[in-house]
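Peer 1: With the hints as your guide, set chain B onto chain A.
Chains A and B supply the protein sequences, listed in that same order. For the first sequence, numbering that gives the first Met the number 0 begins at 0 and goes up steadily by one. For the second sequence, numbering that gives the first Met the number 0 begins at 0 and goes up steadily by one.
Everything labelled a hint here was simulated from the structure, so no lab data went into it. Be careful, since some hints might not be right.
Because identical chains share one entry, a pair is satisfied inside a single copy or across any pair of copies.
Said to hold, decoys possible - DSS-like mimics (lysine-lysine), calculated; alpha carbons at most 30 Å apart, straight line: (1) Lys440 - Lys208; (2) Lys385 - Lys454; (3) Lys299 - Lys208; (4) Lys454 - Lys130; (5) Lys430 - Lys130; (6) Lys454 - Lys440; (7) Lys208 - Lys130.
Protein chains: 2
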Amino acid sequence: MNDIRAIVGEAACKSGPDAARYYEDPRGSFTGKDCVVVLPETTEQVSQIVRLCNSAGIAIIPYGGGTGVVAGQLSLDSDAAIILSLERMNRVRSVSPDDFVMVAEAGCVLENIHAEAERHDLMFPLSMASKGSCTIGGNLATNAGGIQVLRHGNARDLCVGIEAVLPSGDVLEELSPLRKNNTGYDLRHLLIGSEGTLGIITAASLTLKPLDPEAVTAFCAITSPADALRVLRALRTAIGNRMNGMELMSGFGVGLVCEHFPTLRNPFAGDHPWYLLIDAAGNPGVRDETEAALAECIEKGFIIDVVMAESEAQRSALWSLREHTPDANRKTGAFCSSDTAVPIGQIDAFVSGTHAAIAGVHEGLRTNSYGHIGDGNIHHNVFPPKGIPKADFLQAHPGIANGVRGAINEATLALGGSISAEHGIGRLKRKDLQEHASPSKMTVLRQIKQAIDPKNIMNPGALIDQSACAD
Amino acid sequence: MNDIRAIVGEAACKSGPDAARYYEDPRGSFTGKDCVVVLPETTEQVSQIVRLCNSAGIAIIPYGGGTGVVAGQLSLDSDAAIILSLERMNRVRSVSPDDFVMVAEAGCVLENIHAEAERHDLMFPLSMASKGSCTIGGNLATNAGGIQVLRHGNARDLCVGIEAVLPSGDVLEELSPLRKNNTGYDLRHLLIGSEGTLGIITAASLTLKPLDPEAVTAFCAITSPADALRVLRALRTAIGNRMNGMELMSGFGVGLVCEHFPTLRNPFAGDHPWYLLIDAAGNPGVRDETEAALAECIEKGFIIDVVMAESEAQRSALWSLREHTPDANRKTGAFCSSDTAVPIGQIDAFVSGTHAAIAGVHEGLRTNSYGHIGDGNIHHNVFPPKGIPKADFLQAHPGIANGVRGAINEATLALGGSISAEHGIGRLKRKDLQEHASPSKMTVLRQIKQAIDPKNIMNPGALIDQSACAD
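Extracted from the complex, chain A is given alone in its bound form (with noise of 0.2 Å):
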């Protein structure tokens, strides 16, 4: 530890109270050991650090802006891994206009990183609700998506080069910012969604776009999701790829978002079953064509009533609407949150589906189920009977949260779905995955992992239990 200590200097590790903020859980579902907490300020840093871990055998928690909801930056067992904080790593290190890339450090906050984009008249088009806090780095140890994935994928998509520390050591040097480079294994999306099991990302060269002359935001009340289903085909049909994303927002939801949320309100007078927030972007005229095929929505039925934004104030108070839910969410004490995706064609299916699924586990759950519908990856929330506190519901019922997660598990892989779309499996599903992943799907993620970490330094017991190879 003094070893690593010299490395960062003493200001650059954190323990005890002083880092009590590193071992919390965003959604309060756990608590990590107290760890120390390592603070590098550049890749030659990470690597020094990890050289040391390896011959010492430390584990190593890499840690981004702390926003998993999966407890990959949680250490749930041990407290003698060492968190290693990206959060001084935040340097925007070059913009190329020409090749539409920027060349990021790992511990840039999201919403910096989009600023920083809009200063050279482009963008980064990975979003969601914490990009005030979650750091690229994080965003692709992840995968993450959000809310812009039906139009431009999700965050391994919008980069084309990474630089990281390997659990050697060894800095893996890859930020070119070519299109087209055919050079050996993707080293890049090998590490992109690997959760920090097979090193660490230190900077990436990321994906910009240019920004689009007309956008547009409309809020539609709906009668059912397969309804919604109906307007996403008509919309694609009509606007093609310009639509950046289609979210399904339950009418339970909009109203505890407006509950504890005052300031924020439902456009429409009256209460609906369901709404969609959608939003599109492009071309001069990219408006009036979905104006169009809105109203033609309205008139097959489809849509019962349309609010459109006719301002960036009006288009920013809707998606509050949106950004507010996992917060309201929380203040309304879910004990279980889904993030499983099916087939597009589905969701109907699906939705009614997990409901009957969650009933059966208990009856009187509440559900707010919202998400990214364009992406076939809708979110459950699950509530405690009306008037039961989480807290007192959780002791009297131990293990319902794991219950409702199998039961929704269960549904969403009758679908032909996955258990987790874009927040990973860190601690929180790695048996989940052990469970529904084939066999020889395991067997070679175990053989990637020996190969690179045979040391299991890396992040381990995330993703992947490697001590479980000798079984």
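Peer 2: Using the frame of chain A, we list chain B on its own:
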């Protein structure tokens, strides 16, 4: 061998003169050894063959359409390997318009996939000159690029899932159409671009896109690659990511095409030093927007003259000039065809720098430079001095092809480029990769290969020389 015959049937094994085409290099630079060619019809048969080869230590060379130009599909040293051709696995298994996904077997010819997508009013945007004979399995195994990468990405960007047979014979079934699926390391991206050295891709879930209501094709006469970059910048500002591709063609090259294919003609009355072929598509109006941007480029002096395609026939005629370039190069006696990429801003320095480097290798060499300027990926085709036949020249100057390739590599790397942009490494560039990749990258490539294919049966000698592991 008899065991393999028993799996696929006698008629599905070829050898000797019957199999001559499998030993041919499309550029005539190599001749493969006459290995037995095996043509399985199902994933299960592939699995059985691989299991058998693994146990017997028989090398397997996966074979797609045979259009690869880096000898990845040829056995150069030994006739003891089997060539496993996927050509009989050519079914489209399903199309899901809601998910914008087609599940196609590896042996499907790219052009047939285009046609199948269009039957569903959708498109599959991967495209290249060899589209009539290359297969999607080969496209994915090599992460093929082509002419629409600027807008739609490389092969890997157009694939959401794969099915593959691993070196153990186990089948990896990851054909889910989901856009969001964070369940472990991304084995799809690891296998894509691995050139058959980690497994055999047997099927893939391909990303379809909406058809564009309007398209525009323009052919521009320009003075220099520097002006091409100015046009690229102007268009990306004007029409953003609606530009499908931008191809640079040298005046020399267009002359060669018209000489060897007399039915094709240069649409301009006079000759010009360079040409740009520009393709964009999107909303109704994209044509007007593109024309306006090009008019402004003429006004600013970036473009000498423009011809716009006024019909599908004219569009096709313009593209024919580009698509016949590889054949014209071959007929002219190209002895070296480079495939490197540089950051976009370096294009001008790249063209002048590589031309100087080529001239430095041997006086009088002629070079046709053309390719995907929007991706920084310009191909140089190098011919003997005028009047000297290729065979005579190569006999008189043994090693000159390697000398020219080396000179282009050095000039590319000096500008921060990649020695293989879209064609991959194969056997042609294996030593180049070994020489120029960082030791930390080569170590990880070897670790992965060793972990997944410990007996080195999968396309041994392509991409990586695993026998050098002991070095």
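Peer 1: If a hint holds in the structure, say so; if it does not, say that too.
Peer 2: Results of checking the hints against the structure:
In this homomeric assembly, Lys440 and Lys208 come within 30 Å of each other (Cα to Cα) only across copies, at 29 Å, whereas the closest approach inside a single copy is 34 Å. Taking the shortest Cα distances, Lys385 and Lys454 never come within 30 Å of each other, neither inside one copy (49 Å) nor across copies (61 Å). For the homomeric pair Lys299 and Lys208, the shortest alpha-carbon distance between copies (25 Å) is at most 30 Å, but the shortest distance inside one copy (35 Å) is not. Taking CA atoms no more than 30 Å apart as the test, Lys454 paired with Lys130 passes in neither setting, with 34 Å inside one copy and 46 Å between copies.
Taking the closest pair of Cα atoms, Lys430 and Lys130 come within 30 Å of each other only inside a single copy of the chain (29 Å); across copies the shortest separation is 44 Å, beyond that limit. Both within a single protomer and between protomers do Lys454 and Lys440 lie at most 30 Å apart by alpha-carbon distance, with minima of 21 Å and 19 Å respectively. Taking the shortest Cα distances, Lys208 and Lys130 sit within 30 Å of each other both inside one copy (18 Å) and across copies (29 Å).
In terms of the numbered hints stated before, the structure departs from hints 2, 4, listed from lowest to highest.
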